[in-house]
Amino acid sequence: MATAPRYWRENPSRYNMVGFKCNNCGKYYFPPRIICPLCHRKSVGKTEPVKLKGTGAIFSFTEVHEGMDEHYVQKPYIVAMVELEEGAKVTGQVIDCDACDLSIGTKVRATLRKLSEEGSAGVIHYGYKFVPVRENGERPGDE
Amino acid sequence: MKDVGVVSYGAYVPHFRIVPEEIGKVWGVDGKAMGKGLMISSKSVPAPDEDTITIAVEAARNMMRRCAVDPKDIGALYVGSESHPYAVKPSGTIVAEAIEAAPDLTVADFEFACKAGTAAIQACMGLVGGGLVKYAVAIGADTSQGAPGDALEYSASAGGAAFLIGAQDVIATMDNTYSYTTDTPDFWRREGQRYPRHGGRFTGEPAYFRHVMSGGKGLLERTGMSPEDYTYAVFHQPNGKFPTRVAKQLGFSPEQTKAGLLVPQIGNTYSGAVPLGLAAVLDEAEPGDRIFAVAYGSGAGSDAFDITVTDEMATFRRDASPTMNELMASPKYIDYATYAKFKGKIAKERD
Ligand SMILES: [Zn+2]
Chain A
1 MATAPRYWRE NPSRYNMVGF KCNNCGKYYF PPRIICPLCH RKSVGKTEPV
51 KLKGTGAIFS FTEVHEGMDE HYVQKPYIVA MVELEEGAKV TGQVIDCDAC
101 DLSIGTKVRA TLRKLSEEGS AGVIHYGYKF VPVRENGERP GDE
Chain B
1 MKDVGVVSYG AYVPHFRIVP EEIGKVWGVD GKAMGKGLMI SSKSVPAPDE
51 DTITIAVEAA RNMMRRCAVD PKDIGALYVG SESHPYAVKP SGTIVAEAIE
101 AAPDLTVADF EFACKAGTAA IQACMGLVGG GLVKYAVAIG ADTSQGAPGD
151 ALEYSASAGG AAFLIGAQDV IATMDNTYSY TTDTPDFWRR EGQRYPRHGG
201 RFTGEPAYFR HVMSGGKGLL ERTGMSPEDY TYAVFHQPNG KFPTRVAKQL
251 GFSPEQTKAG LLVPQIGNTY SGAVPLGLAA VLDEAEPGDR IFAVAYGSGA
301 GSDAFDITVT DEMATFRRDA SPTMNELMAS PKYIDYATYA KFKGKIAKER
351 D
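First to last, the protein sequences are chains A and B.
Here our numbering is used: position 124 in the first sequence is 124, and no number is missing along the way.
Here our numbering is used: position 330 in the second sequence is 330, and no number is missing along the way.
What the hints contain is simulated information worked out from the structure, not anything from laboratory work.
Check each hint, because a few of them may be wrong.
Dumping the calculated DSSO-like pairs for lysine-lysine here, alpha-carbon to alpha-carbon at most 30 angstroms [claimed, not checked]: (1) Lys36/B - Lys258/B; (2) Lys114/A - Lys72/B; (3) Lys25/B - Lys53/A; (4) Lys72/B - Lys89/A.
The structure displayed is predicted, hence computed values, not measured ones.
Build out the structure end to end from the sequences listed, making use of the hints.
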């Protein structure tokens with residue numbers, strides 16, 4: 001119960017990958033921030049929230065064998081750092097695949113999945129995870 | 001009333017499958033024979049992090065990718081399912097947020113066993129036709145459950161499809177709809193119960209066949225159309241046998257039903273069944289094609305539709321999202337133990 005409001009405030013970015021763009025340096029970031037980590041004070045008043053396309057490629061990934069207990073059903077599970085088309089790097093779970101299907105550079109796209117639930121009676125948290133985009137075109141993602 | 005129709009559509013089916021042999025092996029049943037009898041060679045299984053909401057979102061996003069409609073112009077969104085993750089808190093609230101249609105719209109969840117999605121389509125037709133909203137979204141999605149060892153375990157699967165209903169630039173016009181409803185206790189699930197119950201012998205003749213036949217005949221009578229006027233026909237498909245038989249009884253040929261018969265590959269997707277069958281038909285339909293569809297929901301009722309594909313279909317961006325064939329291609333097959341774990345039939349002891 002206690003975490004529901006915090007999750008709720010972050011839902012727009014979690015559901016739709018709303019990040020932010022610094023119009024001083026032109027870089028994109030996710031999750032949204034108040035000021036640009038590169039430009040600091042120069043970015044004040046020059047940032048805007050931007051919906052990221054959710055498509056990108058795997059920058060780095062790892063298979064987690066001793067991870068969060070709430071993911072025990074999916075163990076071992078894959079967590080990757082994804083470089084989005086806009087250039088922002090995002091960490092997230094990669095699903096519907098095995099680690100052997102993936103390599104650095106594998107194209108992925110964001111999808112909405114259950115992240116966790118607060119027990120069987122509590123709130124269900126939803127957010128982005130990544131699925132591989134099948135190269136043979138069987139599961140094309142965003143254009 | 002304005003003329004209304006489908007502006008866009010999108011589908012989604014989970015990546016995992018289980019075959020009937022694998023289920024039969026566990027319960028001492030000839031699964032292969034069971035599958036053959038049901039005409040089901042595999043059924044879709046949702047991943048542990050999928051539910052009706054995530055399936056509805058994926059279908060709705062696939063629908064939005066195929067059109068240039070501003071989500072803020074969507075005035076209504078209805079999700080029909082018998083497996084809404086929350087008993088109280090509409091699935092549609094999360095779907096509306098996930099396609100950026102919120103907050104200026106009306107949302108509600110629909111329930112009518114397996115025809116909740118088509119009931120939502122009818123409501124959307126009314127709202128758009130009456131000029132109350134510019135666009136409305138109807139989604140049929142389910143992650144249905146059969147009790148372990150029950151006959152339903154061989155068929156109950158997961159999937160969903162979404163339809164954007166509007167009055168302009170429609171790829172298919174919804175020319176007519178007719179419903180047939182009675183009080184028939186063929187299948188139910190009481191509040192708080194995990195698995196549904198079915199009334200055994202009640203499920204065939206007096207339920208599915210009576211309602212689908214009456215819905216289908218009722219629509220044909222009201223429109224003056226006959227089966228041979230249609231290019232395609234889609235019927236609710238709890239297994240492969242029922243829709244095949246009902247199509248024959250109504251006078252439709254296997255050629256007409258082939259494109260929309262998905263149950264052999266993905267099982268019974270409940271509220272997703274006719275919506276997914278329609279999506280598969282729209283994947284290949286051409287301008288001028290006529291589509292006949294009858295959904296069935298236990299309890300019991302049927303919704304019949306008379307649909308015509310328009311010239312807009314020629315320029316519709318079908319390939320902006322995966323087709324049904326693409327969604328059904330290269331699935332991952334899992335064993336019963338993995339299936340039981342995914343579906344929460346077995347769970348780890350946790351503190
Ligand atoms: Zn900057």
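Consistency of the hints with the structure:
1. Lys36/B - Lys258/B: Cα-Cα ~17 angstroms, so holds.
2. Lys114/A - Lys72/B: It holds: about 25 angstroms lies between the C-alpha atoms, which stays within 30 angstroms.
3. Lys25/B - Lys53/A: violated, 44 angstroms
4. Lys72/B - Lys89/A: holds, 29 angstroms
Checked against the numbered hints listed earlier, the structure breaks hint 3 alone; every other hint is satisfied.
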